[in-house]
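Protein chains: 2
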Amino acid sequence: MITLNQAIDIILSEIQLSTKTEKIPLWNSLGRVLAEDIISDMNMPPFDKTAVDGYACRMIDASKALEVIEIISAGSVPKKAIGMGQCSKIMTGAMIPKGADCVLMVEDTVEVAKDRIRFNGDKPKSNICILGEDIKTGDQAIPKGTTISNQHIAIMAALGCSQPVVTKKPSVAVLVTGDELVEPEVMPQGGQIRNSNGHQLVTQVINANAEPNYFGIIKDTEEDTYKALSEALSKNDIVILTGGVSMGDYDYVPTVMQKLGIQILFDSIAIQPGKPTKFGVKNGKLVFGLPGNPVSSYMQFEILVKPAIQKIMGAKSSTEFIARLPMSTNFSRKKVERQGLIPVAITNDKKVIPVEFHGSAHIFALAKADGYIMIPLGVAEIKEGELVDVRPL
Amino acid sequence: MITLNQAIDIILSEIQLSTKTEKIPLWNSLGRVLAEDIISDMNMPPFDKTAVDGYACRMIDASKALEVIEIISAGSVPKKAIGMGQCSKIMTGAMIPKGADCVLMVEDTVEVAKDRIRFNGDKPKSNICILGEDIKTGDQAIPKGTTISNQHIAIMAALGCSQPVVTKKPSVAVLVTGDELVEPEVMPQGGQIRNSNGHQLVTQVINANAEPNYFGIIKDTEEDTYKALSEALSKNDIVILTGGVSMGDYDYVPTVMQKLGIQILFDSIAIQPGKPTKFGVKNGKLVFGLPGNPVSSYMQFEILVKPAIQKIMGAKSSTEFIARLPMSTNFSRKKVERQGLIPVAITNDKKVIPVEFHGSAHIFALAKADGYIMIPLGVAEIKEGELVDVRPL
Chain C
81 MITLNQAIDI
91 ILSEIQLSTK
101 TEKIPLWNSL
111 GRVLAEDIIS
121 DMNMPPFDKT
131 AVDGYACRMI
141 DASKALEVIE
151 IISAGSVPKK
161 AIGMGQCSKI
171 MTGAMIPKGA
181 DCVLMVEDTV
191 EVAKDRIRFN
201 GDKPKSNICI
211 LGEDIKTGDQ
221 AIPKGTTISN
231 QHIAIMAALG
241 CSQPVVTKKP
251 SVAVLVTGDE
261 LVEPEVMPQG
271 GQIRNSNGHQ
281 LVTQVINANA
291 EPNYFGIIKD
301 TEEDTYKALS
311 EALSKNDIVI
321 LTGGVSMGDY
331 DYVPTVMQKL
341 GIQILFDSIA
351 IQPGKPTKFG
361 VKNGKLVFGL
371 PGNPVSSYMQ
381 FEILVKPAIQ
391 KIMGAKSSTE
401 FIARLPMSTN
411 FSRKKVERQG
421 LIPVAITNDK
431 KVIPVEFHGS
441 AHIFALAKAD
451 GYIMIPLGVA
461 EIKEGELVDV
471 RPL
Chain A
81 MITLNQAIDI
91 ILSEIQLSTK
101 TEKIPLWNSL
111 GRVLAEDIIS
121 DMNMPPFDKT
131 AVDGYACRMI
141 DASKALEVIE
151 IISAGSVPKK
161 AIGMGQCSKI
171 MTGAMIPKGA
181 DCVLMVEDTV
191 EVAKDRIRFN
201 GDKPKSNICI
211 LGEDIKTGDQ
221 AIPKGTTISN
231 QHIAIMAALG
241 CSQPVVTKKP
251 SVAVLVTGDE
261 LVEPEVMPQG
271 GQIRNSNGHQ
281 LVTQVINANA
291 EPNYFGIIKD
301 TEEDTYKALS
311 EALSKNDIVI
321 LTGGVSMGDY
331 DYVPTVMQKL
341 GIQILFDSIA
351 IQPGKPTKFG
361 VKNGKLVFGL
371 PGNPVSSYMQ
381 FEILVKPAIQ
391 KIMGAKSSTE
401 FIARLPMSTN
411 FSRKKVERQG
421 LIPVAITNDK
431 KVIPVEFHGS
441 AHIFALAKAD
451 GYIMIPLGVA
461 EIKEGELVDV
471 RPL
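Chains as they are written, first to last, in our numbering: chain C, 81 to 473; chain A, 81 to 473.
Bear in mind the hints are in silico, worked out from the structure with no lab data behind them.
Accuracy of the hints is not assured; some may be wrong.
If several chains are the same, the list does not tell them apart, and a pair holds so long as it fits within one copy or across any two.
[Stated by the list, open to error] 27 Å max Cα-Cα, derived DSS-like pairs, lysine-lysine:
#1 K386 x K448
#2 K159 x K430
#3 K315 x K339
#4 K355 x K299
The structure displayed is predicted, hence computed values, not measured ones.
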């Protein structure tokens, strides 16, 4: 059995970077990956501009009563240069007139006569944003491979990029196996339960900014599994199957993967939950055989499939937002031959508490979890007060 | 000037909870807020079921060679009860036959003759998920007020909720003022710059799962501001204006808010950036006057407007995912009369480093930030090694 890190390395080394790109409207670009650097087409600010409302003048004159020679609104170009004893009234964001080297804040001035003001503040400050101090023409503002988040929108708008070029979303087929399954609309009878992880995987794909392609519940026969997997493979970049990967008589997924010429690169991982996870490739396409238990398929998607989607989209890895917090209780487990993924909640006083968890079919446990922690191979215990890294769910 | 916490309290106390709800498809429900409890319509598991592939038998017989009397696939109902010395082959997820109290894992068995197997594992385990152990009919699975995330999808699917009832998205108008502004498609001339925070606010609204309604750049006249704000107010639950809130001659926002009968509840906050932020109400609708600087408007949206949107949607507050990490360097500031919001990056070795920041027009600083920290009123310094709470951006 390979370790989780080995599994991730195998998956990522198989990925051919997407070269397909598209232009999309700025408002639709959250979560997408930039396919081109965003280069500044201008200096920002494009001129020396005032950071405040006030009076532009020479700092050397700040102690004098000053004549107001012009009113400069934002967006206009000053007509007059500032001479000795002069100032221009100026609005936030407006261009600094020639001759001025500071702006006296309007709050710190008094009108002493018509068109004459005097500074009554503490000490005059510059209050000028210098041409190009934020970015210069030709500078790289955002590198390609960046996953676009809210912080990037203002920058792209400011630099004229209203239609960013991003990589295309990979299409991800979701196939569910299991003759015990019915869709949510149906009331289960006899030995049936409802299909939960198929829908969970669809929204996980949506959340990962890829394109889901739901194939529904596939009958547990070799023929049906072959047909569905073959079609899914021909039309998608990634295929996820859930269920049918264990040791049961009707677990056709491994056989069918082989018959379709999919090269199986691993068929189990030393991880709990998720041990029977399988991974194969064919013509650059990725096939994941995830366990049928919804907690397993949830976690394996987050840990294995999501990084694959991100790499296909050309995303550079970003900072993982991990909370390092103390355990509120002792935690122990009996078997240590697999790395463990433990759903946890964060208490109000910022401690970590494992959620009650009946095993990998226990989807209700995840709803109470704020994140999960990893417990390494060979480790049986985490002690109360020990700091653990909580990854968000 | 009021504090940030006072400002938040004022805003939240003005909110009338939305009673408008709608049914939406499960796949579209991420980020939406449940308007009804999700109640289980069945026991989960709905029957005693096997967690593994193997042989269902009486644990007392586990040391004997056992006769295989039936093959039970997932989804079917067992036809035969297990007697002494008997077992049924059973697939993961299938119903446990009468008489059996454990399942021997297939990996731990050998076939000793046709239809006869023997356990050769260490010690037999139950491997049975008991009827109703995860949830019982009529139990609350997810309370109303929950913001739907990936973890809830499997639960809703499992319980037959393919069309959850959620609260309607509030509509949020975005109005931008500033005669210096042109839209991103235009190359700025003279004293112009491009409108960046209007677009940033639109995507912030999208990210907050509300409905943006972009009104574009409003001319800096009292008449235009009045007309646009009046229309926005009549058609939206929340109106955000940016710019026009300072001390400039053309800052008509406060005047127009008053003329429209909007009750102004505060007009500045002891926060940096974002001091001139204004807030008013009319007929249960909320009006935010945010500063025109994009960093200010970004932060004020996250801190003030987003919680308001969440409360309107009926969202119960959820655990904030905060990373508590040490500062990599000393940080100091000169003025302490406002609470400070400092954009920071997280280094590879999990330390916190403030990003270079020229002031509230410096949108490029935010792109390098992983989160932000707060520095309290009256505090001038944070020392290297001190633990700080980093909130994600």
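Against the structure, the hints come out as follows:
| no. | hint | result |
| --- | --- | --- |
| 1 | K386 x K448 | both (22 Å within a copy, 23 Å between copies) |
| 2 | K159 x K430 | neither (59 Å within a copy, 52 Å between copies) |
| 3 | K315 x K339 | within (18 Å within a copy, 59 Å between copies) |
| 4 | K355 x K299 | within (23 Å within a copy, 62 Å between copies) |
Hint violations for this structure: number 2 only, all remaining hints satisfied.
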